[in-house]
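Engineer: Dock chain B against chain A, hints included.
In the order they appear, the protein sequences are chains A and B.
Using numbering that gives the first Met the number 0, the first residue of the first sequence is number 0, and each one after it goes up by one.
Using numbering that gives the first Met the number 0, the first residue of the second sequence is number 0, and each one after it goes up by one.
Any given hint could be a false lead.
If several chains are the same, the list does not tell them apart, and a pair holds so long as it fits within one copy or across any two.
Below 16 Å or equal to it, Euclidean Cα-Cα: the simulated EDC-like pairs (lysine to aspartate or glutamate) are [stated by the list, open to error]:
1) K434 - E33
2) K434 - D25
3) K286 - D12
4) K126 - E72
5) K126 - E111
6) K286 - D15
Read the hints as simulated data drawn from the structure, not as lab findings.
These numbers come from a predicted model, not from an experiment.
There are 2 protein chains.
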Amino acid sequence: MEKKRTAYLTLMDPDDALRRWFAAMDACAAPRSEEEVALTAALHRVTSRPVAARRSSPAFHGAAMDGIAVRAEDTFSACPQRPLTLELGSTAHWINTGHPLPPHCNAVIMVEHVVTEADGRHVTIEKAAFPWQHVRKLGEDMVATEIILPPGTRIGAYELGALAAGGVLRVPVFTRPRVAIIPSGSEIVPLAQARDEDLQAGRCLPEFNSLIFSAMIAEAGGTADVRPIVPDDPQAIAAAIHAALDDGADLVLLNAGSSAGSRDFTAQVIQQEGTLLVHGISVMPGKPTVLGMVRSRPVIGAPGYPVSATIAVESFVLPLLARWQQHAPDCRERAQAIPCHALPSRPGMEERIRVKLGDVDGTLVAVPLPRGAGTVTSLSRADGIITIPRACEGIDAGSPVEVELLRPRHTLAQGLLAIGSHDNTLDLIDSFLRKDHAACRLTSAHVGSLGGLQALARHQCHLAGCHLLDSQSGVYNRQAIAQTLDEAVFLVHLVDREQGLMLPPGNPRGLTGIADLAREDIRFINRQRGSGTRVLLDYLLRQQGIAPARLNGYRDEEYTHMNVAAAVLSGRADAGLGVRSAAVALGLDFLPVGVEEYDLVIPQRLRQDERILALLEVIRSAEFRAAVDALGGYGAAHTGEVIWEYAGSRPEGAEERPDAPSAPAAAAREQHSADR
Amino acid sequence: MEKKRTAYLTLMDPDDALRRWFAAMDACAAPRSEEEVALTAALHRVTSRPVAARRSSPAFHGAAMDGIAVRAEDTFSACPQRPLTLELGSTAHWINTGHPLPPHCNAVIMVEHVVTEADGRHVTIEKAAFPWQHVRKLGEDMVATEIILPPGTRIGAYELGALAAGGVLRVPVFTRPRVAIIPSGSEIVPLAQARDEDLQAGRCLPEFNSLIFSAMIAEAGGTADVRPIVPDDPQAIAAAIHAALDDGADLVLLNAGSSAGSRDFTAQVIQQEGTLLVHGISVMPGKPTVLGMVRSRPVIGAPGYPVSATIAVESFVLPLLARWQQHAPDCRERAQAIPCHALPSRPGMEERIRVKLGDVDGTLVAVPLPRGAGTVTSLSRADGIITIPRACEGIDAGSPVEVELLRPRHTLAQGLLAIGSHDNTLDLIDSFLRKDHAACRLTSAHVGSLGGLQALARHQCHLAGCHLLDSQSGVYNRQAIAQTLDEAVFLVHLVDREQGLMLPPGNPRGLTGIADLAREDIRFINRQRGSGTRVLLDYLLRQQGIAPARLNGYRDEEYTHMNVAAAVLSGRADAGLGVRSAAVALGLDFLPVGVEEYDLVIPQRLRQDERILALLEVIRSAEFRAAVDALGGYGAAHTGEVIWEYAGSRPEGAEERPDAPSAPAAAAREQHSADR
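Bound-form chain A, shown alone:
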């Protein structure tokens, strides 16, 4: 980077930005174009004008039941005491459901209530008919000329039926708005052409925002036209905008180059070729968004990071598509949630934080996902979005806050929320639950083992994944539970997890175990103090009688397994301690040195909860254990065993709770302890 422009964005409130954009469009608006499509091709299209019934439905007074058609007034004398006989072909007429009533008839008597006389020419009834009984009357459903659908109606299955019944075989709909998507960036390559080695070396970035945008636009009733990638060059960008407009785009969406850096040309190009309306909105993620008009058509520059980019599209593209199709933009269901930890936010910026949600004892608990604008999984994993207003400095843990739901509320109620340490087998449990117990699922949020126990103590999750070694006793989890929880819980063993040395491919230094870490020629990279892996390292060193100070790099700390692996991969260190999956992910060698216990902590009060029962059924199945074995790096011999029951610590004088463990449970506890 030779030279930096240090232009700053002028941040505008997103509502003001949208109003300004719409106003600019209204100033040069042509009416939206319409077309007529066959009814059979009208699904998901949007009506462009009121659609009236062409015929009445039903088109005649017809029988709603099989039976006899009569004139009700002729039957008024009939009663069980004085049955009435009618003459077929004169005062009574056999009729099938759906068939037209003979003239002068105005009621149908069900076949079950009709006795045919022996002569076959008369029938007897024991009950009077009232007028229009069991008759579908002409126009009962709709009358010709009546409006069936107002304009701006998205046509679904039911609407197709109503149009068909009204004899409407061609439907006036809005033409689908055409959105041209222009990916830009000199380092961007089409997704299918991105080679792993180039990606790993940072020589290119795969382009896939256009895939996300196209889907969003299609779901909003538009059509997306993904254009070729344009380099970071103002002339090329201007040419691409004009080409898209020449090809009939109703809207041009540029991505990226919307910020104020030395290679960000979107705003400048729009200003040159048309009118720049907005450069920068006071929303995070999404801040570097550009709005403008070129040749009387709207042009938007969306930021490059996927999360920011989707916010720009949701805030400015989808409302425009809705407006063009005269319907209200889709709004999401909202609910109250309690954040499981504080959400600080920068005043002056509206912030949108994606969260996982769990329904614990009827309360929605929100677990924030990483806020990074590039974290695509925060899009796919989120259950909801919390918006922190501009004026607000953040939200305290435990304060109720409104959340937009990305999944239906009842789906959330059917799920389990695990908070605690992360392990890949939690994702496996989720997959098995979905397969075998369709309505159930496991959402997991990762705040570390101790954070999970604390969330459990606050009733903010259903279970916690935990691997806390007591380095004195060498026993996992029990001491931490006793120190953290008042409530009675039980401990279910999930997996044994291999910890080992992550080494450069081929193990060039020839390490054979923990003892080699003390070698003078070895540079070690450590985990941060308090992490389970650091505790394990200290425990292993103590077992071998090695003083930590003897390790080169004992004080060099990283915060995750993956960071340790990356340090080894880049040559910064010769070895680090971590789980096998991190080594496998980066193609490193792995030398197992110990086994760690990863357990699930579950409150006794949920012991009979059907979701917990489903989870236990899953993890005790042979299929699950086989899948765990297939992951590599795990031991599943004792998966699903209840290895400890913790009675909880009640304050003095507190009432005995019905779910507190009884004497036999305590005995079982001892037994389980001995087992392990």
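Structural biologist: Using the frame of chain A, we list chain B on its own:
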């Protein structure tokens, strides 16, 4: 109808029926087939297995900001008092967002916080960097081998992004379940071939259920194969089932012939060709539903009426498609609502009643739509569904009841609910509101003028359409309002509505006005006592000095404009009184004889409500009046005028309410009265 079979259905609880069907399928289940599709074709498909990341994302430690890459530890001494100078190419490296960090760097300092020295080879900073500041770390978003999507995930825009970031270019998905739809019925013709004259004579019925089903199946991830129409013949039906199975159908959906009548063969054919599991469910509509298995594949017979048929499809086809794709069936949001009148129901039958919903002062009010199984518009017009359980005899007016929402709750909150007399111009208002005020809409429910005023008195609607003539004074609506409402309201004139004589086409009897109704050769058809039209007739007869008894047929009553029109069309009567639209709909002659006033009654407390303001803006627009004129039969000269203000009748000693009309308002009221 020559001979009736009087077989009855054995009604089964729908949950039991579904369990029995699933159990039969499980007994002969093959695993669902899967396929791999390109990521670009994966939108809305459902993952068939856990999908793991193929690469880590990001693939390297990269800059999250433009600036300089540093090793954080090298900067710890920097502060405003003692700025630190770093050497470019050695301890500092210019870097652009997204580019990989040089080896040994672990932080980025934003360009805004960097001063370039005059020599161009050094930079100065005033603040230390902390490790990993402004760095997107390798695997921060996802780590290779990690599960991105569990099985049974419907792939949306966000999921596409996550898969792309994980380098997954081909996705394992379930093959779309194939549903063969076989329409049956000897009188059924394809929709496009149904001629108006045949429909009106009842010689054929158009087939369009397959259109509704196909859309429902497509939205549930299946593909529909609509097969040719089959006559009511057991052999033909059996052959059609086998042909569909031969063509690879996963499920066969027969429609109709599922009841127990003489021409209903579905159950019999399934029993002959396979296993009949269920014939009849205890749900209305939807009772005559058939479930069975033929050649180890599920076959369902759905009832012929569209509303029943969709309930059969929703209850048995969609859950099966969801089960095959391993995800929970879509469930609808639920809410509490208050029915505006009692909902009686037959014990022993679960009943599903479609309702319109309005949010009045925060309470959801449910207005039942017609329950007829053939009423397609009850599908397209419904906002929600109330289920009355088997054991229940119905729901009292005003008792809270759970409703499944067919539209989002917040959309309902943005709408206006009108209850009262029906008029087509209400639909026109709705269309204009949607066009000009996208978020607003007008839902109207039709219970007659007096019913509307009563609903207003109970705070169950926002406004009421009303045309109640006081036959003594000849003034519309005011007396009825004063008799019914305690609350202050204002009366807005909507339209003058032409009433007239509906006559056979060409007016063969040469009628010229009301006086001719007393002619001896004229058979009249009347409306029921209490209807506005009957009141108008009496008023007109009194004006002309004609005794009602002189009219032939004065005591022959019909309940709707359309029934009167149908009586005239069928030749049962020579004339009836009604609105022009009914005459137009059936192609009758129309002889105007009077003008009726149709007004809107709106509570004063809503006078500044923005939805009411939007409505008033609409009806006062020139475009709206032009559209009303175009309908024919209306006068719109005074549309939108506030013609009366009613102060309400408060109980003695009640507090003056702030929104009660003041003296000037009362004066204006007098003025308006004089105007009219």
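Engineer: Now tell me if each hint is right for this structure.
Structural biologist: These are the hints, each one checked on the structure:
In the homo-oligomer, the alpha carbons of K434 and E33 lie at most 16 Å apart only across protomers (14 Å), although the nearest pairing inside one protomer, at 44 Å, exceeds that limit. Proximity of K434 and D25 under a CA criterion of 16 Å is satisfied inter-copy only: 14 Å between copies versus 50 Å inside one chain copy. With identical chains, the CA atoms of K286 and D12 are at most 16 Å apart within one copy only, with a shortest distance of 10 Å there and 55 Å across copies. For the identical chains of this complex, K126 and E72 are intra-copy neighbours only, at 12 Å inside a copy versus 97 Å across copies, given an alpha-carbon limit of 16 Å.
Within a single copy, K126 and E111 get their C-alpha atoms as close as 12 Å, which meets the 16 Å cut-off; across copies the closest is 92 Å, which misses it. Within a single copy, K286 and D15 get their C-alpha atoms as close as 14 Å, which meets the 16 Å cut-off; across copies the closest is 54 Å, which misses it.
In terms of the numbered hints stated before, the structure departs from none.
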